[in-house]
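Asker: Sequence:
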Amino acid sequence: MKISPTIYPFKVKLLNGKEQVLSAYSDKVLLIVNTASGCGFTPQLEELQRLREEFVEDGFEVLGFPSNDFGKQEPLNGEQLGEFCQVNYGVKFPVFEKVMVRGEVAHPLFKFLRDKKLNGHLNSTPRWNFHKYLVNRNGEVVDYFYSFTKPSSSKIKKKIQRLLAENK
Numbered sequence: 739m740k741i742s743p744t745i746y747p748f749k750v751k752l753l754n755g756k757e758q759v760l761s762a763y764s765d766k767v768l769l770i771v772n773t774a775s776g777c778g779f780t781p782q783l784e785e786l787q788r789l790r791e792e793f794v795e796d797g798f799e800v801l802g803f804p805s806n807d808f809g810k811q812e813p814l815n816g817e818q819l820g821e822f823c824q825v826n827y828g829v830k831f832p833v834f835e836k837v838m839v840r841g842e843v844a845h846p847l848f849k850f851l852r853d854k855k856l857n858g859h860l861n862s863t864p865r866w867n868f869h870k871y872l873v874n875r876n877g878e879v880v881d882y883f884y885s886f887t888k889p890s891s892s893k894i895k896k897k898i899q900r901l902l903a904e905n906k
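Position in the sequence shown counted from 1, then plus 738, gives you the numbering used here.
A portion of the hints provided could be inaccurate.
Said to hold, decoys possible - Derived lysine-lysine pairs resembling PhoX-like cross-links, with alpha carbons at most 20 angstroms apart: (1) 766 with 830; (2) 896 with 766; (3) 751 with 849; (4) 749 with 849; (5) 749 with 766; (6) 895 with 766; (7) 756 with 830; (8) 751 with 830; (9) 895 with 830; (10) 888 with 830; (11) 897 with 766.
The hints are simulated quantities; they were obtained by calculation from the structure and are not laboratory data.
Make a model of the complete structure from these sequences and hints.
Answerer: Have a look at this one:
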């Protein structure tokens, strides 16, 4: 049996600068999203929070990774990011320190998410803010959604429900 690579070994930084290993989210279905506070898609933060509320009790979580890679649409840093997301969109899901998501200087997590040679499942480089990666309970990247796919879409919800039903 082949063991697939997972997101669990990756380390990320919380907005307060503390490091967190993604294994803290083991056995959860995750939607990992690169966000920006000055983007036309920024209202998706509210939809992401509603999606989280709908499925959090079943083992689902959203992880937000602000990025300034597209159109320089993320001018905020640190606690400003968390405050913006919470005050304007009611975000309670984890938002991490700003990262780069494309190119050779991308955060190792995003290099992994976007490259089938690394993740064993799919190729999908973010083309803009609010690119979404779906991760199963085993930490494997299983799907992705472009920016224009709303978090409230039936396409995303059905895939989350299917993954939540697996390995219960």
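Asker: Take the hints in turn and mark each one as holding or not.
Answerer: Status of each hint after checking the structure:
Our distance criterion of 20 angstroms between C-alpha atoms is met by residue 766 and residue 830, whose separation comes to about 16 angstroms. A C-alpha spacing of about 16 angstroms is found between residue 896 and residue 766, which places the hinted pair at or below 20 angstroms, so the restraint holds. Taking the CA atoms of residue 751 and residue 849, the gap is near 16 angstroms; set against the 20 angstroms cutoff, the hint holds. Our distance criterion of 20 angstroms between C-alpha atoms is met by residue 749 and residue 849, whose separation comes to about 13 angstroms.
Of the pairs offered as hints, the one joining residue 749 and residue 766 holds, with about 17 angstroms between alpha carbons and a cut-off of 20 angstroms not exceeded. For the hint pairing residue 895 with residue 766, the CA-to-CA distance comes to about 15 angstroms; that is within 20 angstroms, so the pair holds. Our distance criterion of 20 angstroms between C-alpha atoms is met by residue 756 and residue 830, whose separation comes to about 18 angstroms. With a CA separation close to 17 angstroms, the supplied pair residue 751 and residue 830 stays within the 20 angstroms bound.
Distance hint between residue 895 and residue 830 is fulfilled; the C-alpha atoms sit about 19 angstroms from each other, no more than 20 angstroms. Only pairs whose Cα atoms come within 20 angstroms are accepted, and residue 888 paired with residue 830 is accepted, the gap being roughly 18 angstroms. This hinted pair checks out: residue 897 and residue 766 have alpha carbons roughly 14 angstroms apart, not beyond 20 angstroms.
Going down the numbered hints, you'll see the structure goes against none, and every one checks out.
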